[in-house]
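**Student:** Listed below, chain by chain, are the residues.
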Amino acid sequence: MWLILRPSFFMLSVQVRCCSSRRAILYVPGDDIRKLNKALSLDADCIVMDCEDGVATNRKEEARVTIRQWLDEGRASNSTSEWSVRVNSVESDLCKEDLQTVLGGANKPPTLLLPKVESKEHIQWHMGGCQKINLIMYIESARAVVNLPDICRTAEQLSSTAPLKPAALVFGSDDLCANLGVTRSDNGTEILYARQKLVLVAKAFHLQAIDMRVQVLCFDNIPDLDGLQRQCEAGARMGYTGKQVIHPVQIPIVQQAFMPTAAIVEWAEGLIAAFQEHQKLGKGAFVYKGSMIDMPLLRQAENIIKLVSSNTKV
Amino acid sequence: MWLILRPSFFMLSVQVRCCSSRRAILYVPGDDIRKLNKALSLDADCIVMDCEDGVATNRKEEARVTIRQWLDEGRASNSTSEWSVRVNSVESDLCKEDLQTVLGGANKPPTLLLPKVESKEHIQWHMGGCQKINLIMYIESARAVVNLPDICRTAEQLSSTAPLKPAALVFGSDDLCANLGVTRSDNGTEILYARQKLVLVAKAFHLQAIDMRVQVLCFDNIPDLDGLQRQCEAGARMGYTGKQVIHPVQIPIVQQAFMPTAAIVEWAEGLIAAFQEHQKLGKGAFVYKGSMIDMPLLRQAENIIKLVSSNTKV
Amino acid sequence: MWLILRPSFFMLSVQVRCCSSRRAILYVPGDDIRKLNKALSLDADCIVMDCEDGVATNRKEEARVTIRQWLDEGRASNSTSEWSVRVNSVESDLCKEDLQTVLGGANKPPTLLLPKVESKEHIQWHMGGCQKINLIMYIESARAVVNLPDICRTAEQLSSTAPLKPAALVFGSDDLCANLGVTRSDNGTEILYARQKLVLVAKAFHLQAIDMRVQVLCFDNIPDLDGLQRQCEAGARMGYTGKQVIHPVQIPIVQQAFMPTAAIVEWAEGLIAAFQEHQKLGKGAFVYKGSMIDMPLLRQAENIIKLVSSNTKV
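Protein chains in written order, with the UniProt record's numbering: chain S, 1 to 314; chain A, 1 to 314; chain Z, 1 to 314.
If a hint is listed, it holds; no wrong ones were tucked in.
Chain Z is faced by these chain A residues, among others (derived, beta-carbon under 8 Å):
no. : residue
1   : E91
2   : V145
3   : N179
4   : E190
5   : A194
Taking CB as the label site, the calculated pair distances span:
no. : chain 1 : residue 1 : chain 2 : residue 2 : range
6   : Z       : K38       : A       : W125      : 53 to 63 Å
7   : S       : D174      : Z       : N187      : 26 to 36 Å
8   : S       : D174      : Z       : R59       : 49 to 59 Å
9   : S       : R230      : Z       : G227      : 18 to 28 Å
10  : S       : A262      : Z       : L40       : 32 to 42 Å
11  : A       : G104      : S       : D53       : 48 to 58 Å
12  : Z       : Q69       : S       : D186      : 51 to 61 Å
13  : A       : Q215      : Z       : D186      : 25 to 35 Å
14  : Z       : A56       : S       : M127      : 49 to 59 Å
15  : Z       : S309      : S       : H278      : 47 to 57 Å
The hints are simulated quantities; they were obtained by calculation from the structure and are not laboratory data. Treat the numbers as computed from the prediction; the structure is a model and nothing was measured. We put the beta carbon where it would ideally sit given N, CA and C, even for glycine.
Please model the entire structure based on the sequences and the hints provided.
**Tutor:** Here's what the structure looks like:
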């Protein structure tokens, strides 16, 4: 209930979680109430209540209804995580019913994750309501990578009139590899083009870039946390600021690896200082390090500082 | 003559050779009747009767006429290879005459290879006739790589009304390197962007991606077949499913290296099974692994299975 | 004054410096008359009189006026370097005044460098005058890399009516890294996509590709010239033909590393020979190695030969 009844907190929450603050993204099957409850005690930046791949075909309705109830009861209102929902893809024919159920209550999720976005047509649909909801899009096919600038441009344009506000892109490497007919290697050279194009387009449209899913990393059933850290660092070096995880034990490692770099923190501090100075002088828009500064950029900077200051404990 | 008189066989042939089934592509100069005859005994998936770079300027007319006669006489009707024709580029001013001669008879080649496609204008010309002919486009300049999505989109649109059906892209690395002013290295790092963009765009438009020509690999005049295998595997790891060869001895190595991966075979088997199930239920279009399944995808899957089952001998 | 009063020399100069001939690009703060005078004795291919990052905010007017005076007095008329001017970015609000001052005299600089070009809107402004001035655009943000083909297409179209003639792209890796939130590594893997896309788009539009700034390379205050050479060679292997330098001692190393390759020289010699042959026969346009040859390509070829023959001393 906090989402609606405490609008100031909601705004804060949306701001805090925007851009570079979703470091560890954890999936929970939407039909599994036990796992949902367990996730309440976890510290993932973003928890995804899943209707898609994590839910069997004959459990889709169960997932929708469970998530709706979860939202209605405000179960996660004390959680510091962003409790979001992943619906099924537009082409799956399950999407419409997912949306109607999941968004049909008074309490909307702050963020919606839409898998298999392949073209601008996939996001040119209209939702009722005027409350802003973040949109995270999965890019997981060759066609999606080709159409990526087009998709982001359309999402940006639509956000001025529709409630969906583009917030992030997820690099869906597993489906992309299947589409390309390739096997994902340890260092991912075979998908370097797609992985770097995604970061670039994301940054061009002020979206967070969330890296590919952690590969299963185990030695004799002991999770290979060093390998995980190497994978995170490889993504961070390219500009990714978050990663999808498959097990709670991976959360702190991912979070630490995706802490903003010193250069980013410096940029954010400088921007906020410059903004405050211009505010004092009564000036509106201004240029910082050659870029025209608008509110989204200011919020990004604020998020980075909040993230750093609230996670020095990590 | 089989192309026209045996339409059912022709259809089969086109299907078998579509998408991922052209593993080894061998060039034969169109004016060299001795080499054409020799190629009848070779097992290349695709044999290219060449009018372009393999033929001297003053032998162009000889090449056209020889190829036309070869087609008229149905010389390759017992071959399991796809006997195709490469004409000269649109900008060369030889192309029109090539097409008139080569396509002027009753027996059309199943596939036409068009070099140096640089923009959509290069494929916006019209051919008479209504028999479908596969179109393989060479991407071999910076401008072509930049315009690639545009070229493929146009080819796809044209195929609904014109007889040319886009089937594959060839990565022409030698001309591209010359255009970029670079020397091709052993691992090809300097053209990684172009090489991976080509695969992605090809897959986005359901086209086969055919990798760059084998580099001359010899030690003391003995062909370096290990080096060849490494080159093939590097391409296959990125999603290429075929390669251009320069000597018959290279054919079996290339064919083996480009056998579909287990993941691809599994995808194909699953898709065909799902299709048959939906057919039984009387349903038309359906979704398989998140993608709407249409006939081209079904045919791709069938080709993969045919390729695997007919080549376990290799 | 030579720029206006000696048009034939100016034409020659513009030709000599077009395309692949700017190997070492050296910046001099536009407000520092001592450094400007010192640069007269240096052998950089291109000397940039800077109004942008090299000049403090409160010295911008000083820089403009100094540069204007420098041009008016024809101070560099005996220099073999290309004395160009870098203005501030369009979004900085300093650009208009820079242009009015710097281009307001009789002696225009042969080349204008425009930083932070991010979209075609950034170059859709009009300058008076009809004398052609080369335009070098800095690509230094994610948005710029995404919009790059669009920017170059617009610049090409505008050049038919406006005095600005697109000549080169500069890969501004430092600002790009800041925008992506990444730290530039020694081999630059994290920006490989952007670095190779820039070369490809540049070549597609017949522009020179100028590589990223030399990283500070010192051991105990002794410049690491071996490291510099490795960095130059890495760029040259991808098709870059010039680099920005920060110290005069780096000039000869950069110049040597970016000498045209044997393959390029052979291409250029062949093209010029073919052109002369066609001229004798009274033919106009012709095809050389599959490309329609126009005057820009001929000039590129001539520049390469001039560059090689005038620098065998290096």
